[in-house]
Amino acid sequence: MNLLGKLSWSAIPVHQPIIMGTVACIGVIILAALAWVTAKGSWLYLWREWLTSVDHKRIGVMYLVLAMLMLVRGFADGIMMRTQQAVAAGGAQGYLPPEHFDQIFSAHGTIMIFFVAMPLVIGLMNFAVPMQLGVRDVAFPTMNSISLWLTASGVLLTNVSLAIGEFAKTGWVAYPPLSELQFSPGVGVDYYLWSLQIAGVGTLLSGVNFVTTILKLRAPGMGYMRMPVFCWTALATNLLIVAAFPVLTALFAMLLLDRYLGFHFFTVNAGGNAMMYVNLFWIWGHPEVYILALPAFGIFSEVSATFSGKPLFGYRSMVGATMAICVLSYTVWLHHFFTMGASASVNAFFGITSMLIAVPTGVKIFNWLFTMYGGRVRFTVPVLWTVGFMVTFVFGGLTGVLLALPAVDWQVHNSVFLVAHFHHVIIPSVLFGCMAGYNYWFPKAFGFKLDERWGAASFWCWFIGFHLAFMPLYVVGLMGMTRRLQHYDVLSWQPWLLAAEAGAVVILAGIVCQIVQLVVSIRAREQLRDTTGDPWNGRTLEWSTSSPPPAWNFAMLPHVGEIDAFWAKKQRVHARQERSVQRREYEPIEVPKNSPTGFVTAFFAVLTGFALIWHIWWMAGVGLLGAAVTLLCFMFRVEDEVEIPAEQVALFDQSHPVEISL
Amino acid sequence: MNIAVGVDDVHEGELVNTSEAGPAPKRIVVSYGFWIFLLSDIVMFSALFAGYAALARATAGGPTGSQLFNQQTVAMETAFLLLSSYSCGLMSLAINSRGYFGTFLGAGVTFLLGAAFLSLELREFATMIAIGATPQRSAFLSAFFTLVGCHGLHVAVGLSWLVLMMIQLAMRGFSPVVERRLHCFSLFWHALDIIWVLIFTVVYLMGVVP
Amino acid sequence: MRYSSPVLLLVSAAALSGCSEGVLDPKGPVAAAERLILFDSLGIMLAIVIPTVLATLAVAYWFRASNRRAGYQPEFAYSGRLELLVWSIPLMTVLLVGSVAWIGAYDLDPPKPIPSSAKPVMVQVASLDWKWLFVYPEEGVASVNHLTIPVGTPVSFELTSSGVMNSFFVPQLAGQIYTMAGMVTHLNLQADHSGTYRGMSANFSGEGFADMHFNVDAVTPEAFAEWVASTRSSGPVLDAQAYAALVKPSKAVAPFTYRSIAPGLFAGILSAGLQPDDGLCVGYPKSMRAER
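Protein chains in written order, with this note's numbering: chain A, 1246 to 1907; chain F, 722 to 931; chain H, 41 to 332.
No lab work stands behind these hints: they were computed from the structure.
Predicted, not measured: the structure shown is a model, and the values here were computed from it.
Mixed in with the good hints there might be a few duds.
Said to hold, decoys possible - According to the in silico footprint, chain H covers these stretches of chain A (three or more CB under 8 Å from chain H):
no., segment
1, 1305-1311
2, 1374-1381
3, 1790-1799
Stated by the list, open to error - A short list of chain A residues far from chain F (calculated; beta carbon distances all over 12 Å):
no., residue
4, 1253
5, 1358
6, 1710
7, 1775
8, 1819
9, 1877
To be verified - Just the calculated beta-carbon pair ranges, DEER-fashion:
no., chain 1, residue 1, chain 2, residue 2, range
10, A, 1285, F, 833, 55 to 61 Å
11, F, 810, A, 1561, 57 to 63 Å
12, H, 80, A, 1277, 46 to 52 Å
13, H, 139, F, 843, 39 to 45 Å
14, F, 774, A, 1575, 17 to 23 Å
15, H, 108, A, 1468, 55 to 61 Å
Using N, Cα and C, we set each Cβ at its ideal position, and we do this for glycine too.
With the hints as constraints, model all of the structure from the sequences given.
Written out as structure tokens, the structure is:
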């Protein structure tokens, strides 16, 4: 028995210069970061205040850091694909052999969905939801930390596949029989499966956490119909997570059993049924895209109301539309495989349901429009992203309705028309929404605003670049170009693909602008300082705290009497009907204790995952044992809370005065 | 989570909507959260059920359910598991009245019955494997072993959890944390019972219908 | 302006290079009907989307904070009439497009035979790694990576895969249909004009996927008969041995033909996906493609 399983020196792709160059760059960046932390003597601070933190605000920030880093990696994959397709026309083979190109498009999709979009929305929900609900933290803070670090484990494993071994070459959906051992004998699919299985557990736990928080932990007086719409969309999203992610867990378990123990769920032989994989995958997959989109819709609701100086139009309608989307997202999954030969009745049914889901989405667009109507719209960076979303997303939705027609789908399924469609909906909703949310809540998290000019520049680059990169794909998809082509023989496609390449470069400029925006803002943070805690004249409860808020969010939980209670209070204060700050008696506050459980569990998860990928059975055993011991330590811990003395609470309040508080 | 401090006092005599009463007590939050987790677990089992249903006839020329399933063994397994749910219920009653002896007794009986269930199931698997009805033989068998095996794995985890809880009870007594966790355990155990009833019906009873 | 760029590009696609190939240049009744549905639905949706986008830009611009002429209505947060409108516009649009979807799904259902006085040509298709095998059971010949069909005659396909999933797709003639091991899918199409049309696999299947394109020659019925006759006169025989050699992985295979086919070949390929496992797959995780 080989001590290191399948692992050997040949796992390092020394003959692939592009990969080795990338690995070297990543290595240098990591080493530089570690060196910088060491030089500043910040290890203890980092461990105490961030890595073991169970504070939802810190966890939210860490999710966003993870997501932004992976955005760069995922985008790099994307622009490499665009470049390959821009040059590999006629007889040219481009610079990426199929072996490498196939890993890139698989990694691009996997990373963007699971390690960029998911952490973005989960991070923003983590940061804002408890404060918007007027409470101190989520229902299960330590579990929240576990969720973050398990997601990070998935990220780590996927990136390790660059340096050691390979990634899946099956596309991000990994359909069998291609993903079975018979046709993918390498470790690539195993990296994919274990990364996502581990991260998936984290996401599921997040779902449980947030459903419980939103339904059982709200400030006194905050009935359901007084919650901010972002909390409603967070509720719908997390309900979807609870209802959809277990299907993916079961599905990947089945494929893993096929690959590791010779089971026959999806194999070509012995009765396996690959169609079942497709069905189960998309039963998860379609709710997943709504998991991504709904929080973004919630952000647009908050931003449009705040910066129009008006309440959101049609609150009840928005809540109804959100829950309708939540339910309907479960009824449409077959539209991902109209081309697999289901009967006409089945195809027609799913075509209709897929179109129906456009109705509540359309309602939301109109309601945002009417929110701005009669308002005084301040064109801050979040509003730019919001209006940009509104005028772009509807066209993406249009192509979605087209794809919902089976007769049309049969002609454009799996073509770059489809690729253009899903980027046309995901980028305006998820990416633009999270950029809006990032700019919107940044001052609350860090105490200073982000630079407006660089923010606007990044928006325009993204907006222009996105259109330039993806509109040509509609054309060339209709011309017959299918997706995932490493090279092609039809020269008339090339000009369009060159235009798409140019678009990708403009998006790159947008990403650079975002990095510059952050650097410039940190440098100028004193000028950009948020001294009031309410830089935008906001409506919801998080703006009633200081920026950044203390660990306990509120010295006293606010008592809520209506929707947008903070805004209502401000109006009453300005009308001299009420005092701005309540005199209060301070009492000690118990906050959950920081815990290394999350970080340590994740460490063992990575060890176990890596060991299973390479068939190092003893190491897998050690990893599982370590994780079990960690959970035992958590289970048997004595103290789970720390008491903040009343004097400390009072001191914080007095040294961080806010203008108006509940 | 400090929920008692800082909440404006509810005016005497005013009936407050649950949704407006402020953050719920920890006991309720933990139970609710665990329920949601259990629902997610049921979704996972549903996916395994769907897989089983799709592959139930895919025997690839190998043994079928009616050839393999021993209804007597299955009946005994069902009896053991259902009785263990009953003893778990008795244990819950003892916990409510803070009775140590009743709790340990109820837990012990639950453990023994659960272990009996598992040993019967393992024996069933071993017999099947010995005659060549391995999960590698056909898609039907893969689905069978996975669905039933996953339930068995949950039972095993439950039994380990029960032992740990008894240790914790002996160490810490009926503290609020211990009570909450015992409550979650019994929710888990009863849910496993419900899933077994579905497995019993869909796999074993329906599996022998030609 | 940027919001109209997708519209302009779609339109220009029809007007310019997109016109001579692909989905927008159908050469048969199925593809033509599918294109019509595409245009109709696009028109209906644009009628809603374009005004919405224009309204969004207009509202955002007019109600900008610096515009003091715009009326500030901070309490305008609900209107029953507007809600009714806002729900019913998308709903009615969806009902309209939905009925187009419904009818199209039935009318153009791939297994639905094309009504015609001409006798349909049967073709059995198997996707291999990484080429296409086309078997003409009634003519008794087969071809690899090239399809010849008579004009004005319905062609009825039965499709399967030797392994991984592929998707048989000739955009100018019909929609695509997946090929899956151990299963048969069906497709019907017809070419109304002579010409050469591009076909491909539309589902990623591995290393040689990009070269899985092939040409479809639609020729007059007389020319088709001639092609059949000349194919029968030369070339290898497609028996079990020849198939075993063919099924081995290969890329960018130049088209060639077989002059005769062993009986039950397609059924054999189909049922190869149903064989009980013989344990080889577990013990030898190398490619099993040759083992058929």
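Hints versus structure:
Only when three residues or more bring their CB closer than 8 Å to a CB of chain H does the claim for the segment 1305-1311 of chain A stand; here the count is 0, and the claim is violated. Beta-carbon proximity to chain H at under 8 Å applies to 0 residues in the segment 1374-1381 of chain A; the threshold of 3 is not reached and the given coverage is violated. Given as covered by chain H, the segment 1790-1799 of chain A fails the check, having 0 residues with a CB less than 8 Å from a CB of that chain where 3 are the minimum. Every CB of chain F is more than 12 Å from the CB of residue 1253/A (nearest about 27 Å), matching its label as outside the interface.
With 12 Å as the threshold on Cβ separation, the claim that residue 1358/A sits away from chain F holds: the shortest Cβ distance comes to roughly 19 Å. Every CB of chain F is more than 12 Å from the CB of residue 1710/A (nearest about 39 Å), matching its label as outside the interface. The Cβ of residue 1775/A lies farther than 12 Å from every Cβ of chain F, with a closest approach of about 24 Å, so its non-interface assignment holds. For residue 1819/A, the non-interface assignment is confirmed: its Cβ lies about 23 Å from the closest Cβ of chain F, beyond the 12 Å cut-off.
At roughly 7 Å, the least C-beta separation between residue 1877/A and chain F is not larger than 12 Å, which violates its mark as non-interface. Between residue 1285/A and residue 833/F the CB atoms are about 58 Å apart, so this pair conforms to the stated range of 55 to 61 Å. Between residue 810/F and residue 1561/A the beta carbons are some 43 Å apart, a value that contradicts the proposed interval 57 to 63 Å. Taking 46 to 52 Å as the suggested C-beta distance range, the pair residue 80/H and residue 1277/A does not conform, at roughly 58 Å.
Range check, residue 139/H to residue 843/F: Cβ separation about 57 Å, and the 39 to 45 Å hint is violated. One distance hint, 17 to 23 Å for the beta-carbon pair residue 774/F and residue 1575/A, holds here, with the actual separation near 18 Å. As the Cβ distance of residue 108/H to residue 1468/A is approximately 38 Å, the hint placing it in 55 to 61 Å is violated.
Hints 1, 2, 3, 9, 11, 12, 13, 15, counting from the list given before, are not met by this structure.
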